[in-house]
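Student: Protein chains in written order, with the working numbering: chain A, 916 to 1338; chain B, 916 to 1338; chain C, 916 to 1338.
The set of hints was computed from the structure by calculation and includes no laboratory data. There are no misleading hints in this set.
It does not matter which identical chain is meant; a pair holds if it fits inside one copy or across any two.
Distance condition first, Cα-Cα at most 25 Å in a straight line; then the derived PhoX-like pairs of lysine-lysine:
1) Lys1114 to Lys1256
2) Lys1273 to Lys1063
3) Lys1080 to Lys1266
4) Lys1273 to Lys961
5) Lys1188 to Lys1294
6) Lys1294 to Lys961
7) Lys961 to Lys1266
8) Lys1063 to Lys1137
9) Lys1266 to Lys1140
10) Lys1137 to Lys1294
11) Lys1080 to Lys1114
12) Lys1144 to Lys1266
Being a predicted model, the structure only gives us computed values, none of them experimental.
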Amino acid sequence: MISHLELIEELYPICRSITGTGVRKTFEIISKYIPLETYEVETGTKVFDWEVPEEWAIHDAYIVCPDGSKIAQFKENNLHVMSYSKRINTSLTLGLLKEHIHTLPDHPSWIPYRTMYYDRSWAFCLSQNTLDSLPEGKYRAYIDASHKNGSLTYAEAVFPGTSGKEIIFSTYVCHPSMCNDNLSSVSVMIKLAQELANKNHRHTYRLLFLPETIGAITWLSKNEKSLSKIIAGVNLTCTGNRAPITFMKSRQKTSISDKAMKIVLDDMGLLYKENDFSPIGSDERQYCSPGINLPVVTLMRTPPGEFEEYHTSADNFDVISEDSLREMTSVCLSFVDTLEKNNTYINTYSKCEPQLGKRGLYRKTGGQRVNQVSQTAIKWVLSYSDGHNDLLDIANRSGIRMEEVVSASSVLEHQGIIMRISK
Amino acid sequence: MISHLELIEELYPICRSITGTGVRKTFEIISKYIPLETYEVETGTKVFDWEVPEEWAIHDAYIVCPDGSKIAQFKENNLHVMSYSKRINTSLTLGLLKEHIHTLPDHPSWIPYRTMYYDRSWAFCLSQNTLDSLPEGKYRAYIDASHKNGSLTYAEAVFPGTSGKEIIFSTYVCHPSMCNDNLSSVSVMIKLAQELANKNHRHTYRLLFLPETIGAITWLSKNEKSLSKIIAGVNLTCTGNRAPITFMKSRQKTSISDKAMKIVLDDMGLLYKENDFSPIGSDERQYCSPGINLPVVTLMRTPPGEFEEYHTSADNFDVISEDSLREMTSVCLSFVDTLEKNNTYINTYSKCEPQLGKRGLYRKTGGQRVNQVSQTAIKWVLSYSDGHNDLLDIANRSGIRMEEVVSASSVLEHQGIIMRISK
Amino acid sequence: MISHLELIEELYPICRSITGTGVRKTFEIISKYIPLETYEVETGTKVFDWEVPEEWAIHDAYIVCPDGSKIAQFKENNLHVMSYSKRINTSLTLGLLKEHIHTLPDHPSWIPYRTMYYDRSWAFCLSQNTLDSLPEGKYRAYIDASHKNGSLTYAEAVFPGTSGKEIIFSTYVCHPSMCNDNLSSVSVMIKLAQELANKNHRHTYRLLFLPETIGAITWLSKNEKSLSKIIAGVNLTCTGNRAPITFMKSRQKTSISDKAMKIVLDDMGLLYKENDFSPIGSDERQYCSPGINLPVVTLMRTPPGEFEEYHTSADNFDVISEDSLREMTSVCLSFVDTLEKNNTYINTYSKCEPQLGKRGLYRKTGGQRVNQVSQTAIKWVLSYSDGHNDLLDIANRSGIRMEEVVSASSVLEHQGIIMRISK
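Same shape as in the complex, but just chain A:
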């Protein structure tokens, strides 16, 4: 089995942006590992308040110094060119050039990552050290890029179930050569898809690989009619560094996603941070916008913008670890498992306890002080299967691990003591 890090290594060199060949190449690679369907949405297509932008292509870029040497070469590091920069080929003084240069003075050896999608300009991103070393003189700025009508590309890996209900996982694929933001999450989604392909599941799982913001907006716009099927969802961002998991609730706050993710993280015994919904972040801003309001929670480690290497050339392989990535994939799988097994039941023997003994569900000798956890779970399931509580609620209320609550419910359902209701 390919590792998360190997996947990231393969995807790392590609220069991605919100449209264009970078994203398409990325999807080609991903589709070697999982079944992937790609969609092209034409430039100019109206998507809610937005329009699909022109497609950006970049072939080469560099700055020629007064002595003829080249710096800021796109072919060396694709962060050197501000994403969506326009074509330029001009001579200019160092002073004028500097107006088109971004650096990180606090981290003089790092190259920043900058974008300007919705305004036509151009810029280079350099290390502060490089900038400081430049002598006065005549420079040439060269960017061989183009903007033209084309399309925005996104992809779905769908694993259909029979319940008529959908769970989405979403992450963004528009960032160039950076690891934690966000090849980490791309790799987690690929590994998750590989596992889903080998699993029986009653719900449909739809894994979305999108350009950030405009991609999520495009997808929501094109799929508005079927959003009502979605009972839960997870947005993934910056999932690979060595920090503990941060789980941000959905705007709905008490949705199935919120309940399930909490139980998953608790039952896995992970230390994690739980944040209320905030509309400052990644694509959950769209999924949880007030008119969409999907039950989508966000999984990350250090939130974007809060780790030092965020949006710089230092967000490289040093920042991420296979263990962090593997753990995140496990969380997602456990979330799937939890949703697969969650149900709402009605206790059909709700007046007093049913006689468990005659059904073989009770220890024979009474009076012993034994830690019979499954009997405890059985009693909790019986007591709260009143149609108002699902198994997640019962696990939460009782403090019993979800898997034990599920076992208890399955024994009781099999015996006809509790009855599944659709919720």
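With chain A held as given, fit chains B and C onto it using these hints.
Tutor: Quick look at chains B and C alone, frame taken from chain A:
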């Protein structure tokens, strides 16, 4: 007046089980002290998902050792025979005999208490020390017991009131010679009944003495029609040891019982533990089953199963104290008192304060900084008698002792300022 | 501009009571500074459960000692006579005189403040030291006072707006020469009125100067029909000493007043105490009585009765400070400001985020980690402008200062992205 401990001493020697002469003898003794009505429900009667079991009778039991000596003599300690053991009279090796013997290896001198109501088998309970001392050889196991059609016996002490509303107290009488579990609660209920007999009360108080589980189920099944009268209830279990009180809420969580018990314990200044409802315990499992869902809270000291001597021969007079028992009876009486005095009122002068001065309800000289608690209580009662809050709510909100809130309301009601509404 | 302390100095000497010339003179002085409308309500007028009392007039009062010297002279300190004392002119022994004397044994040099409005009696208030120095002998008690039909006087300063909604500020003017209780609040209201006179505002602000209790009851009785216009209110009491602010919630608990006052105090960075509503205090007892239940919160520093000098001659200029008073006025003004700017909006682009960039509301270069607070505020306003949350709710949820939330909403409203709804 007879003490709790004297009552327990009188009841202690009897071998009780869920049916049979032990329970009947127990009721005979109790009825010397309080008016008690007993009910017999025939073997085979369907009670919800259960059936009233056959009646068990035991006359004698012992093990004859290879040297002819007798051990595990029922007549010495009725815990020696597993409750509901079937008749046996057989010779067997020590090896085979051991399959029918329960001990407590961690407490080698204690005899365990074991039951097996719904499966026909037999067993002896010995101290580990005794078991260890047995030589190889031929043994005879002798249990002179029988199972036959008969009936299950329960008893009620009813103190009728006029309000049409009922409060139940319930405890179980099926345990043989053990003190904290549960003769403690039987003695508390007897003392409570003696006090109720001498009290004016508007509500009906129904004190239930039942075999655990099957007795509560039987009673609920036979009284299903009139459960709607019950506005509050207390289940008592293991109330006599020297630990602080544990108060477990009802499944309803915010019922009158829950509010009143909290206020009683707070106003008595007791240190106590407050637990959310859990369906693992005693007869509240039936009273609070989802289809019954009565407002029944549970009073105990150390919860059953959590004290070392639980279900062993060590649960004897060393474990309990008259002080603990007396305090528990006081809590029950105070609970009665609180419910008797609780009402919901409407302030008929709800627009601004009524003029208390002209009704003699206000200190004459203004401006003094005096701690006039009853005026404080009057103001709280006026402010929150809006039909949504009963006196319990007002006591809880204001932090004022219930008795002061009651005094204030009674003065205000007498003056026609607040009006009782039925709730 | 006149200071708070100068206002208090001017008002201090007057002997006020719940009716009579003291209150009228007070209003004359106040109306030099702000537009004030006074109202007279005749003795005997029925106001809810109360009646407007007779008017009390006092001209002189003193005690003549055996040696002919005068003590407890009203003209030296108007606290010497219990408010509403009846006319007396009688000779009596020291023993009998003492039955009509109040002192403060714990503070032997202080004179207490006492009242007896609804019972006809008479009394003097002395320092304990003076009382202790009195020799046996014949004394003459002389109070030249009268009770006759007249009227109760209250005053309003109204600053009309156009929204049809009203905010009230209320304080009481019936206390004689004491500073913190309550000339402090009178001065705060005057300064607030001066500011309101120079402000544009959409809501109507009604500032009430009333005798405590009977005045508030009278005002509520006469204005019952228009109470529904009141969306918020503040009662002021004891606002001038050097302690931190205490903010007591309204009986409604979650009204606009409650939300706004919390945000004002938080955004001003003040340390303050927040209390739940309690019906023990000042005129909020009437405003928040269950049949009136206005959204009126209370602002004070040390609550009345809890500071040492309360209702004594020591409640003088040593107790209060201009800084405390000025801060309180700022809180009131900020409360006004907050209510003026609060609105409930609907995000008309609620499906995904609107494209802020094309409207000039987004930084052009993406990827930079800048602390762009106003964009954060914009996103919170968009996310929670769903018709259920007003700006106060959004400020509270986001932890962003109200003024930033307001700025964000105003930009978004101006661009037609959010729409104001009346709430």
